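There are 2 protein chains.
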Amino acid sequence: MKIIMDMFGGDNSPEAPLRGAALAASEYGVDILAVGDKAKMEQVCRDGKIDTSRFEFCDAPLVMPVCAEPTEAVKSYKDSSLTTSMRLLAEGRGDAMVGAGSTGAMVVAATLVAKRLHGIKRAALATVLPSLSGQYMLLDLGANVECRPEMLVQFGLMGSIYMDKVMGVKDPKVALINIGADETNGRELQVEAYRLMKTAPYDFIGNIEPRDLPIGGCDVAVADGWTGNVVLKLTEGLGSAFGKMFKAMLTKNAMTKLAALTLHGGINDFKKRLDYTEAGGAPLLGIAKPVIKAHGSSNAKAFKNAVRQAKAFVDGDVNGTIARALADMNTEEADE
Amino acid sequence: MKIIMDMFGGDNSPEAPLRGAALAASEYGVDILAVGDKAKMEQVCRDGKIDTSRFEFCDAPLVMPVCAEPTEAVKSYKDSSLTTSMRLLAEGRGDAMVGAGSTGAMVVAATLVAKRLHGIKRAALATVLPSLSGQYMLLDLGANVECRPEMLVQFGLMGSIYMDKVMGVKDPKVALINIGADETNGRELQVEAYRLMKTAPYDFIGNIEPRDLPIGGCDVAVADGWTGNVVLKLTEGLGSAFGKMFKAMLTKNAMTKLAALTLHGGINDFKKRLDYTEAGGAPLLGIAKPVIKAHGSSNAKAFKNAVRQAKAFVDGDVNGTIARALADMNTEEADE
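First to last, the sequence lines map onto chains E and P.
Per the numbering used here: the first sequence = residues 1 to 336.
Per the numbering used here: the second sequence = residues 1 to 336.
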C-alpha cells in the first residue's frame with residue numbers, strides 16, 4: 001500500500017510529517033509518496049537521519065499559503081504540494097492521502113481534484129471524540145457550513161460505515177444532533193433530515209441533545225458543518241479549561257502537590273482521553289479515495305497515527321462499502 | 001417592590017417556589033404575589049411553616065401541561081398559573097415575574113400576554129456561564145431557533161445593558177459566536193450581523209470562536225437560539241462528564257480517597273463554578289417587564305436567587321435603559 005503525503009502542510013513541516021511517515025513505514029509496512037520541495041525534503045531526511053528506504057519523492061516546491069481563500073488558492077496554486085498530492089491520488093499513484101494543510105483548502109482540493117465518490121452530494125470531515133461510555137464520531141466538522149437534509153442522511157451513512165469498518169463498532173447507533181428529543185424539534189433542516197433518516201439503511205436512533213454527547217448514547221452524531229464545528233471547538237475549549245482548573249487545584253500548595261502524586265495514574269488517563277492527537281487525524285469522507293486531514297500542529301507521532309488511520313480506511317474498504325450502500329439506496333428508491 | 005411568582009411551574013412546585021419566595025421576601029425585603037391554586041398554596045405554607053407575611057395570593061388553579069405545544073398551550077390555558085402571572089405583570093400588579101414553567105411556554109406567554117418592549121423584534125433568553133477569567137452572558141439560549149441579523153444586533157444591546165446594570169460589568173465586551181475569527185466567516189446570518197454590529201452602540205469586539213468561550217475574552221456572547229442552545233447544553237453536559245470522571249479518579253482506592261481530603265477546598269470551588277443554580281435563573285430580555293425563567297429543577301435556594309435576580313433587573317432599570325438606547329439608535333438612523 002502506498003500513502004501520498006503532503007509534506008508541506010502544518011506548523012512543523014516538513015520535519016514532523018517526514019519523521020512520522022518514516023515511523024509509519026517501518027511500523028505498518030506501507031510505502032510513502034512524499035510530495036513537496038524535493039531538495040529540502042532530502043536535506044531534512046539526511047540531517048535528521050530519517051529512514052527514506054520506503055519513500056518515493058515527488059517534487060512540488062510551491063506551498064499553498066494558509067490564509068488564502070480556499071477555492072481561489074486551489075485554482076491559483078495548481079502545482080502546490082497539496083494540489084499535486086490530490087492529483088497524484090486521482091491518478092491512482094497512491095491508495096490514500098494524508099496532509100495537514102488548512103481544512104478549507106484540503107476540502108476544496110479533494111473535491112475539485114480528487115473528486116467525490118459517485119452519488120455523494122458533499123464530502124464531510126469527521127473525528128472521533130471521547131465520551132464517558134467510550135467514543136463517538138462527529139460529522140460534519142465544518143466542510144459544509146450550510147447543508148440540505150439529504151446531505152445529513154449521507155453523513156449518517158458514511159459515519160456508520162467508517163465506525164463499523166475502521167473502528168470495529170458493529171451496527172453503530174446513528175443520531176441527529178438536535179436541541180430537543182422530539183422529531184418536530186429543531187430547524188427545518190433537522191425536521192426534514194429526521195424524516196429521511198428514519199428509512200436510511202443504518203441504525204438511526206433519533207435525536208441526541210448536545211448535553212448527552214459527552215455522556216455517550218450514540219456512535220455517530222450527525223450535524224451540519226456549522227453545528228459540528230461549534231460542538232468540536234467547544235469540546236476542545238472546555239477540555240482545555242477543565243484541564244487548567246484541575247492543574248491549578250493540584251499545584252495550589254505542598255499538600256495538594258503530594259495528593260497529585262497519588263493521583264498520577266488517574267491524571268494520565270484523564271489527559272489521554274483529552275488528547276485528540278492520539279487518534280490521528282480527521283477522515284474526509286465522501287472523496288473517491290481516502291483522505292486524512294491531520295491537525296495543523298501535528299508532531300511526528302500524530303502524523304504516524306494519521307498514516308495508520310489512512311491504512312485502516314483503505315483496508316476496511318470504506319469507500320467500496322459506501323458506494324454499494326448508495327447503489328442499494330438508489331435501487332430501492334427506483335423500485336418504490 | 002412586588003414580584004409575581006408562578007408557584008406551579010417546575011419539578012418541586014409548589015413547595016420549593018413558596019419556600020424560596022419566603023426566604024427572598026425576608027432577605028431582600030420584597031413582596032410576593034403568589035399565583036396558583038390558592039387553597040393548595042395556603043395548605044403547603046401552613047404544613048411547611050412557610051412565613052406568608054409578605055405574600056398576597058392570586059387563585060389560578062389550572063396548571064399548564066409541560067408537554068403541550070407552547071403557542072397552543074398558552075391559548076388553551078388562558079387561566080393557568082403561568083398565563084395569569086403574565087396577565088398580572090401586564091396589568092402592573094407587580095414589578096417583575098419569576099417562574100419555572102417550560103421555557104417555550106414562558107417565552108410565548110411573555111410575548112403574547114406581557115408583550116415585548118417597544119421596538120424589540122424578539123425576546124431572548126440569557127444566562128451567565130463561568131469561564132476561566134470570570135463569566136460571560138450567553139444569549140439567545142433557544143427562544144428563537146431561526147434569527148435574522150437585526151435580532152442578533154438587539155441581543156447584543158440587551159446583553160450589554162444587563163451585564164452593566166445587573167452584573168456590574170462596565171463597558172461589557174460583546175462578541176458574536178462564529179466558527180472563525182474573520183468577518184467573512186460563518187453563515188450569511190453571521191456575516192450580515194457582524195456588519196451591523198460594527199456600528200451598534202456597544203463595545204463590539206468581533207467574533208468569538210466556541211473554543212475561546214470557556215477561556216474568557218468576552219462579557220456577552222451573541223448567537224441565534226439554535227447555536228446558543230447547543231453551546232449551553234454542551235457546556236452543561238461536559239461539566240457533568242468531567243465531574244464524573246474526576247469523582248471516579250478520586251474514589252478509585254484508599255490512597256486517592258486520602259488525596260481527595262487534601263483537595264477538599266479546591267473541589268468545592270470547582271463544584272461551585274459548575275453549579276448554575278447558584279446564579280438563579282435565566283433573564284428573558286426584551287419583554288416589557290422583567291421576567292426570570294428559573295430552572296425546572298430549582299430548589300428553594302434557586303428560587304430565592306431567581307427573586308434576587310428579578311429585583312436586580314428592576315433596580316438596574318434594565319428595560320428603561322434598553323428603551324432609551326433603542327430610541328437613540330432609531331434617531332441616528334433617521335438622521336442618516
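There could be a bad hint or two in this list.
A pair counts as met if it fits within one copy or between any two copies, since identical chains are not told apart.
[Stated by the list, open to error] Simulated pairs of lysine-lysine, DSS-like, Cα-Cα distance not exceeding 27 Å: (1) Lys244 <-> Lys173; (2) Lys198 <-> Lys252; (3) Lys38 <-> Lys252; (4) Lys244 <-> Lys38; (5) Lys2 <-> Lys78; (6) Lys244 <-> Lys301; (7) Lys38 <-> Lys173; (8) Lys40 <-> Lys198; (9) Lys78 <-> Lys170; (10) Lys2 <-> Lys233; (11) Lys49 <-> Lys115; (12) Lys75 <-> Lys301; (13) Lys247 <-> Lys165; (14) Lys121 <-> Lys301; (15) Lys233 <-> Lys244; (16) Lys233 <-> Lys173.
Hints were generated in silico from the structure; no laboratory data involved.
These numbers come from a predicted model, not from an experiment.
query = 27 Å Cα cut-off: does Lys233 pair with Lys244 within a copy, between copies, both or neither?
reply = both (17 Å within a copy, 21 Å between copies)
Should Lys40 paired with Lys198 be assigned to within, between, both, or neither, using CA atoms and 27 Å as the limit? Classified as neither; 53 Å inside a copy, 45 Å across copies.
Status of Lys170 relative to Lys78 across identical chains (alpha carbons, at most 27 Å): Answer is neither: 41 Å inside a copy and 51 Å across each miss the 27 Å cutoff.
Within, between, both or neither: how does the pair Lys38, Lys173 come out at a Cα-Cα threshold of 27 Å?
neither (45 Å within a copy, 49 Å between copies)
Could you figure out if Lys244 and Lys173 sit no more than 27 Å apart (CA to CA) within one copy, between two copies, both or neither?
between (33 Å within a copy, 24 Å between copies)
- Classify it for me, Lys2 with Lys233: is the Cα-Cα distance of at most 27 Å met within a copy, between copies, both or neither? Neither: 32 Å inside a copy, 43 Å across copies.
Classify it for me, Lys121 with Lys301: is the Cα-Cα distance of at most 27 Å met within a copy, between copies, both or neither? Close neither inside one copy (33 Å) nor across copies (52 Å); limit 27 Å.
### Task
Could you place Lys198 and Lys252 in one of the four classes (within, between, both, neither) given a Cα distance threshold of 27 Å?
neither (52 Å within a copy, 42 Å between copies)
field: Homo-oligomer pair classification [Lys38, Lys244; C-alpha up to 27 Å]
entry: neither (42 Å within a copy, 50 Å between copies)
Homo-oligomer pair classification [Lys165, Lys247; C-alpha up to 27 Å]: neither (38 Å within a copy, 34 Å between copies)
Checklist line | Up to 27 Å CA-CA - Lys301 versus Lys244, copy category | finding: within (24 Å within a copy, 30 Å between copies)
Check your understanding: Is it within a copy, between copies, both, or neither that the alpha carbon of Lys75 lies no farther than 27 Å from that of Lys301?
Key -> For Lys75 and Lys301, the Cα distance exceeds 27 Å both inside one copy (32 Å) and across copies (61 Å).
Taken one by one, the earlier hints fail for this structure at numbers 2, 3, 4, 7, 8, 9, 10, 11, 12, 13 and 14, listed in ascending order.
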